[in-house]
Structures are given as structure tokens and as C-alpha cells.
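Trainee: Sequence:
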Amino acid sequence: MSNIGVAYRQTSWCGINCMENERAHHHHEIPKETKTDQVDEILTQAMKHLSFDELQREQEELHGITVVNATKEDGDIEGMLMALEGHLNLLKPGTKFESAELINSSYVSRREFLVMFLSGNRYDPKAAAEQLIRHFDLKFHLFGQSKLTKDITLADLDADDISSLLSGSMQFLKRNDRSNRTIVLELPGLRFYKDLRNELRARFYLFMDMMQSIEDPSRGVCFISYCVDEFQDIYNGAGFVENMRLALAIPTNIGGMHLCISDPRESIIAKAAMTLMPARLRAKTKVHLGSHQECQYMLSTFGISRKALPFFDDTNDICLNDHKTWYHQRLSAENISANPTFNTLQPTNCDVVFNGRTTNGNGNERLRNLTIQYAPSYDSSNVEDKRRIVSTMMGNIQSNGGRFLKWSSTTEEWKEVPHLEVREKVCQMFRNLRRRAAQQQRPELPLQVVKDVSENDVLFGRRKEHPGNLRLRLLIESLAAEYDAASRGRKKQLTTLVIQEIEQNGGRFLEKVKSESWVELSRQALGDKLSSQFRNYRRRQKEKGLAK
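Be aware that the sequence shown starts at 276, since it is given in this note's numbering, and climbs by one per residue.
Heads up, some of the hints might be wrong.
Distance condition first, Cα-Cα at most 25 angstroms in a straight line; then the derived DMTMM-like pairs of lysine to aspartate or glutamate [claimed, not checked]: (1) Lys-787 - Glu-776; (2) Lys-804 - Glu-752; (3) Lys-371 - Glu-517; (4) Lys-661 - Asp-759.
DEER-style ranges, computed between Cβ atoms [to be verified]: (5) Glu-778 - Thr-576: 56 to 62 angstroms; (6) Glu-609 - Leu-695: 28 to 34 angstroms; (7) Ser-607 - Gln-768: 52 to 58 angstroms; (8) Ala-608 - Arg-765: 52 to 58 angstroms.
These are computed hints drawn from the structure, not numbers from a lab. Note that the coordinates shown come from a computational prediction; the quantities given were computed from them, not determined experimentally. For each residue, glycine too, the CB sits at the ideal point set by N, CA and C.
Let's have the full structure, built from the sequences with the hints guiding it.
Mentor: Written out as C-alpha cells, the structure reads:
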């Protein structure tokens, strides 16, 4: 039930598949009216499989008005367990469930284990039996024969699985919805894996831990796939089918599903994906199209408070503190003393390394080449398409086994760069490339060599304690907040103000060209230097934890 953006590739209806080619080119607009009408007609026809009462019940569950089959009497459960056993006897020959039963029959026949599958399937013994068969087939595929009859723990995950788990692309939240259902949140823009199996193994562990920690699984969970703006899937929906199979093998009763999308084209694709869902799940699935504020408001009308979502109060930056707390609790509960990802994270040749350290690896070279490749499209694109281009570049790095790393001087260890910070850095690379191209096209001007340097001059070099440099630093600090919030035109005015302040005090802006020679910078070069000074000040503040 994740990565909905690729679901339409699995459909065979004429008129829907053609969206693949149209969406691949940013110049072509999707004929929204035609495609929307076609998909809505398919959804309407599919919903006719439900009776009026069934449809009303699913809608009430979506809105959190009712919770179906919340409890069962012990006598009822015993009868259902007997029915479950009968269905399993018919289905299990030749399956991995039968293999697990032969290895350790007590493991697969545990009462609490079987009840978990019953409650996750609304106490339908046949559905629970079919899911148990799928569950053990998937478990064998992901973890092998030796893990069939044991609960998967963190020790069964490798370092790449852990990295995918810690990305926060899938997490269950501490705060529930108004019906007291656990909220499962997917943030496709945070997905990270070297191989798709890393993501599947991590999500298998997370879901099974969630199901064993929920007091009453029959109440169901509320699932949110949040694909808004920067959280759009950087892998463009890769792995949809595999993740769907995973969802169908986990005893999770979906009480409501919300697909939050900011791109109108994706809403058509989301509806196409819904045609693959069972009718009951489709009836309690809602697509929300809009900005962060609009989607979060629409979620609140379904009993999902904005405070339940892991966003900062005043921004839409993601906060993974609760997710990391859960992870450390699992480390403690499973008596694992250390996190291999935190303690042994080292750059590889595929990684992109920031902070000005070792930047000649294949990862950095790949990112530079991608920047050059996409520069013409990026410069001529609107904001949405620029965001999509950056996501494609990030996905390219990660699909080739790369990560985005930086060195922390505070903890003296390598850390993965947050998703939004990577976006900022890639956008800056495009701006730097455009600026260098413009500089190369400017006519060369003769350099004015300066022999005598005064205390009022600003020296771009290594003399940080020079009086003129100190004066410039104070000016930058006093105007930094206004500069960060200013438009492009206002930023130029602020840099001009800085230049005038220095020059009115008798200062010049000089740069060293030889051991003892200085030249006065041109106005254009000076503007670039001062813009860089403002950016460097903002970066230093962020590193100190002072930037708001």
C-alpha cells in the first residue's frame, strides 16, 4: 500500500497506460479531463461490487465513526481457530507454511500468533489462512529458510537494512487518530535503499513489531502516504508491486487510507492505483490534493490531528525524533548494545560527501555530471519540475548504492545528510554552475594591482583579523536575517549597501593574486563574493544550531 505513483503501470486499461509516456516528458500536459473521467468511471464500476450497507460501513470506518469487530469472546475465537486450522490444512501442501510447520510446529501454532492474523482479517478464518500462506512465502523470500520459525529481530537485519529502517520513510506514530487507531505514516521522499530487499526487510520488521505492540489489532490502523512537495517519491514509485505483496502478507487491518498529493497529475495516477485495491479497501481510501497546509487540514477533518504528524510546528521539515526513539527502544528490548550504522558509518566510493572533505569519489563525480546533464532543463523549469529533477538526481545516486554524507566535527563521525538539506545543496550546485557559466562569458578586464593596503580595505584571503574584514563581518551579521528573507532584487540592494558602507569609510575590496600582490575586484565579482559571505554565515549558524 505504498509507492502508489507506479501502480498504473500494472493496469491494462486502454487510455491509462499511455500516461506513462506523457508523464515522462515535462513538456506534455496530461489531458486531465479525459484521464480523470476514465479512471473515475473505472472506480465507479468497481465500487458496484459492494452493497449499500457495506459501502456505508466502510465509509464510516474511514471517518472513524465506527470500528468493526473490535472484540471477540473467547468461545468465538476458539471456534474461529478451528476453522482456521481447517482452511490451512487445505492450503498448506507444498508451501513454506508447511515447511515451517515441519521445522517447528509449536512456532506456527502459537495461539497469540494465529489470533493476530484472525484479528487483522476481521476474524475471517479463510482470509487469515490465505494470508498466513503468503506471510511465510514472503518471509522465506526475504530472510531464508533458517528464519522461518523465529521472530525477526534487529540482529537479523544488515547495515543496509538498518539504514533503510532509519530513513523514516515508513513509521508508526505515537499519537493515534480520534478513533484511537495507530497511524502508519509513509513519506516516500525519504525512501533509501541500496537494494529493494533492504526496504522490504526493514518494513517487514517494522510492521510485525507494530502488530505485536498494538493492544487490539482488530481496530485497524490508519495509513497515510504523504507525497506532498519535497516528500514526493525520489524513486518514482519503484517497488510498488513488491511493497503491495508485503502489505498483503502482514496481518494489518486498514481502517482508513489517505493519499496526500501535491501534483495534480499524481492524483490521476493515485486513482488508477486504487483500481488495483480490493473493493472494501478502495471504499475507505481518500485522495487529498493540495499543499502541505491543505492536505493537513483535510486530514484533520478525518480525525488526524496535525500534532500527530512528525512535522515541526512552523515548518514542514520532518522530525524523526519519535522514530529514532522507537528504534533505540527496540535496541534496548532486544539487548543490542550498539547501532552499527551510527558507529561504523564510513564513506564508500559511491557516496556523495559534503563539508569540503574528500570530494573526488565516484559519488561526487556522478552528482556533478548529473548537474551538468540536467542544467538546461532545470534552468528553464518551474518550481514543481525543478523539485522533480532534484528528486530524480537523488534517486540516481541512491539506486547506485550511494548516500549523502557529511562529517560532524561535534561528534567526530560521519552522518547522513537530512533529505531537505541535500535538496538545498543540489539546488546550490545548479546556481553555482549557472554563475560560473555567466562568468566565463564576461569579457576579461585588466586587473588593477594595488601596492599599498590600508586598514579599511577588505582582504579576501587569509587575513581574517584585518580591521576591514572585521567590519565586513559585522555588516554581514547585522543584515543576515533580512538577506535570508529577501527577494532576489532586495538581496542585490543589500549587497550594494554593504559595498557602499565599506567604500564610504575609504575601503576597497581586494584579492591576492601573488605572494604580495593584491588586485581590486570588479563589481560583478564582488557581488558574487558578498552573496557567498551571506550564505557561509547562514551555514555556520546552522552548524552551531543557532539558525531557526
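Trainee: The structure should be examined with respect to each hint, and the outcome stated for every one.
Mentor: Hint by hint, here is what the structure shows:
no.: 1; hint: Lys-787 - Glu-776; result: 22 angstroms, holds
no.: 2; hint: Lys-804 - Glu-752; result: 15 angstroms, holds
no.: 3; hint: Lys-371 - Glu-517; result: 18 angstroms, holds
no.: 4; hint: Lys-661 - Asp-759; result: 21 angstroms, holds
no.: 5; hint: Glu-778 - Thr-576: 56 to 62 angstroms; result: 58 angstroms, holds
no.: 6; hint: Glu-609 - Leu-695: 28 to 34 angstroms; result: 31 angstroms, holds
no.: 7; hint: Ser-607 - Gln-768: 52 to 58 angstroms; result: 55 angstroms, holds
no.: 8; hint: Ala-608 - Arg-765: 52 to 58 angstroms; result: 53 angstroms, holds
Hint compliance for this structure: no hint is broken.
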